[in-house]
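Here the protein sequences come in this chain order: A and B.
For the first sequence, position 12 (counting from the first letter as 1) is numbered 12 according to the UniProt record's numbering, and the numbering increases by one without interruption.
For the second sequence, position 161 (counting from the first letter as 1) is numbered 161 according to the UniProt record's numbering, and the numbering increases by one without interruption.
These aren't lab readings, by the way, just hints derived from the structure by calculation.
One thing to keep in mind: the hints can contain errors.
Derived coverage of chain A by chain B (criterion: at least 3 residues anywhere in the stretch with Cβ under 8 angstroms from a Cβ of chain B; other residues may be distant) [stated by the list, open to error]:
| no. | segment |
| --- | --- |
| 1 | 33–41 |
| 2 | 110–123 |
Pairs of lysine to any residue residues, derived as SDA-like cross-links and limited to a Cα-Cα distance of at most 20 angstroms, are as follows [what the hints assert, rightly or not]:
| no. | chain 1 | residue 1 | chain 2 | residue 2 |
| --- | --- | --- | --- | --- |
| 3 | B | Lys123 | B | Lys201 |
| 4 | B | Lys201 | A | Glu118 |
| 5 | A | Lys156 | A | Ala142 |
| 6 | B | Lys123 | A | Tyr117 |
| 7 | B | Lys201 | B | Lys174 |
| 8 | B | Lys175 | A | Ser214 |
| 9 | B | Lys123 | A | Ser214 |
| 10 | B | Lys259 | B | Ser71 |
| 11 | A | Lys156 | A | Glu118 |
| 12 | B | Lys201 | B | Asp58 |
| 13 | B | Lys201 | A | Ile121 |
| 14 | B | Lys123 | A | Glu118 |
| 15 | B | Lys174 | B | Glu164 |
| 16 | A | Lys174 | A | Ser11 |
| 17 | B | Lys105 | B | Leu85 |
| 18 | B | Lys246 | B | Val92 |
| 19 | B | Lys175 | B | Glu164 |
| 20 | A | Lys156 | A | Ser214 |
| 21 | B | Lys175 | A | Arg133 |
| 22 | B | Lys201 | B | Glu230 |
| 23 | B | Lys123 | A | Lys174 |
| 24 | A | Lys156 | A | Ile166 |
| 25 | B | Lys246 | B | Ala60 |
| 26 | A | Lys174 | A | Phe4 |
| 27 | B | Lys123 | A | Ser11 |
| 28 | B | Lys123 | B | Glu63 |
| 29 | B | Lys175 | B | Lys105 |
Think of the CB as a built atom: it goes at the ideal place given N, C-alpha and C, for glycine as much as any other residue.
One-letter residues, chain by chain:
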Amino acid sequence: MNEFALSLTFSALARGLLVTAAVTMAASLVAVTMGLVVGLCRVSPRRSVRWPAIVYIEFFRGTSLLVQLYWWFFVLPIFGVALSPWTVAIFGIGVCVSSYGAELVRAAIRAVDRGQYEASIALNFSRATMMRRIIVPQAIRAMLPAWGTLLIELLKGTSLVFFITISEFTSSAKSAADATGNYLFFFAIALLGYYIVARGLITPFVRWLESHLSRGFVRITAP
Amino acid sequence: MIEHNVRLGKMMTRSKVLDHLIRDKDNVSIAMTQPMVRFENVTKRYGALTVLDGLNLDIARNEKVSIIGPSGSGKTTVLRMLMTLEQINGGVIWVDGEPLTHMNKHGQLVPASERHLRRVRAKIGMVFQHFNLFPHLTALQNCIEAPVSVLGLSRQEAEARGAELLDMVGLGDKKNHYPIQLSGGQKQRVAIARALAMRPKVMLFDEVTSALDPELVGEVLNVIRTLGTEHDLTMLMVTHQMAFAKEFSDRVCFFHGGKIAEQGTPDQLFGDPQNERTKQFLSAVLEAR
């Protein structure tokens, strides 16, 4: 293989990695936002709010991500809704992961000490204020580690966008391996690439959030 | 149509004013005799277990009442019902002449709406056994969160008042500390300041020293003592501190089996208990000391 072909291969790989990172970040944003919204609806005392959230979670968590992507991409156009591959990638993955996230949100809110709810009632907070100012800030901190894991899962799920015509990291590694016959090398790079995005991007971000939000939860010297 | 509405509006305004006058007049005459808190035949059940059985209890304005009794006698439930943390299964609770658990609708008492609950509940503050401070907020933030977001005070106003209250409980220098940086006694004093920041008329203390190391009990009781002597507050406390109950209370109620088995002034109840159960309880408590 000549050097020119190799350089093309590497630039394709680099582009694939960028696509994967971009889809991961955008879909994460959707997942976190929708996860919070649906999770909060899931714990609402109002049935009319709670039930749609339950249906959302059951549907998107209970069915295959790839099939969901196919629906967004191939089936919706039948009903006149044509979405670009990137839109499908970001929202398809984001929405699916948000259904798992919503359950994390619910668990974390339920796990906030009962005394916090009682003190909020004693101080006469409205339910909305109590959630916003007291419960959710504590729950967010508790759910962060689980979100870290979930976003790494999301990162790995992005390889499925290949099936809706986006060439991302895994598929570019595969074509590089196919073109050169060097499967060992390029799939080693593929493994490493995901690891680097997970450890270099997602974990530090979640850690940063954790330390940022941990005021009052760990003993620090008095100001 | 518009004219009609205007006229209707005027009528309503007039009747409201009239209503107000009547109510004010009533209040003046009733205020002296009307209890601050009234439990009227209140029953509380958990499934098949009856925790409180037709409780009748009146607490006068500014009265300090201690509730003592063995565990499981329903004493904490009394406070929790008054704070609306527990729903009641029968009877009516009145606060400052208004039904707390119910509201008046067409001359009948119906279960209270959330709005009614919040309005009447504003008169009550509570301090808990396990403090229940908000861990993500500093001592001062704990004291200003509700005044700002519930009472609508400006941040400055709330901060000034919060700092004043923390000073009062002797924690002026700790206002920027998070709860985890405070001792149990300090946490409980912040909790008292936080409750007072809402300007309640009735304060409930639920075994507020039970979770404290013995050497920290005094500082909390001192704050409560000051409150009782320097402020117009109706106070209702569940306590195991017999000496404090004796010294501080106007009245002591001994609960047993979901009922008030005996009540009276501290001198009567501790000095000359009539009920067999009271005698047993007091001698058991005194033996333990």
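Examine the segment 110–123 of chain A: at least three residues should have C-beta closer than 8 angstroms to a C-beta of chain B.
holds (count 8)
Does Lys174 (chain A) sit within 20 angstroms of Lys123 (chain B), going by the straight-line distance between their CA atoms?
Violated, at roughly 70 angstroms.
Hint consistency between Lys123 (chain B) and Tyr117 (chain A) [alpha-carbon to alpha-carbon, up to 20 angstroms]
holds, 18 angstroms
Holds or violated: Lys156 (chain A) to Ala142 (chain A), with C-alpha atoms at most 20 angstroms apart:
Between Lys156 (chain A) and Ala142 (chain A) the Cα gap is close to 24 angstroms, so the pair fails against 20 angstroms, i.e. violated.
Straight-line alpha-carbon gap Lys175 (chain B) to Lys105 (chain B), limit 20 angstroms
Measuring from Cα to Cα gives roughly 45 angstroms; hence the hint is violated.
Would the hint linking Lys201 (chain B) and Glu118 (chain A) be met if the CA-CA limit is 20 angstroms?
Holds, at about 19 angstroms.
For the pair supplied as a hint, Lys246 (chain B) and Ala60 (chain B), is the alpha-carbon distance within the 20 angstroms limit?
holds, 18 angstroms
Does the structure keep Lys174 (chain A) and Ser11 (chain A) at a Cα separation of 20 angstroms or less?
holds, 14 angstroms
Hint check: Lys201 (chain B) vs Lys174 (chain B), CA-CA at most 20 angstroms. Holds or violated?
Violated, at about 26 angstroms.
Given the hint that Lys175 (chain B) pairs with Ser214 (chain A), test it: the Cα-Cα distance must not exceed 20 angstroms.
holds, 18 angstroms
Would the hint linking Lys105 (chain B) and Leu85 (chain B) be met if the CA-CA limit is 20 angstroms?
violated, 23 angstroms
Keeping to a limit of 20 angstroms between CA atoms, is the pair of Lys201 (chain B) and Ile121 (chain A) held or broken?
holds, 16 angstroms
Against the hints set out earlier in the document, violations occur for numbers 1, 5, 7, 9, 11, 17, 18, 20, 23, 27, 29.
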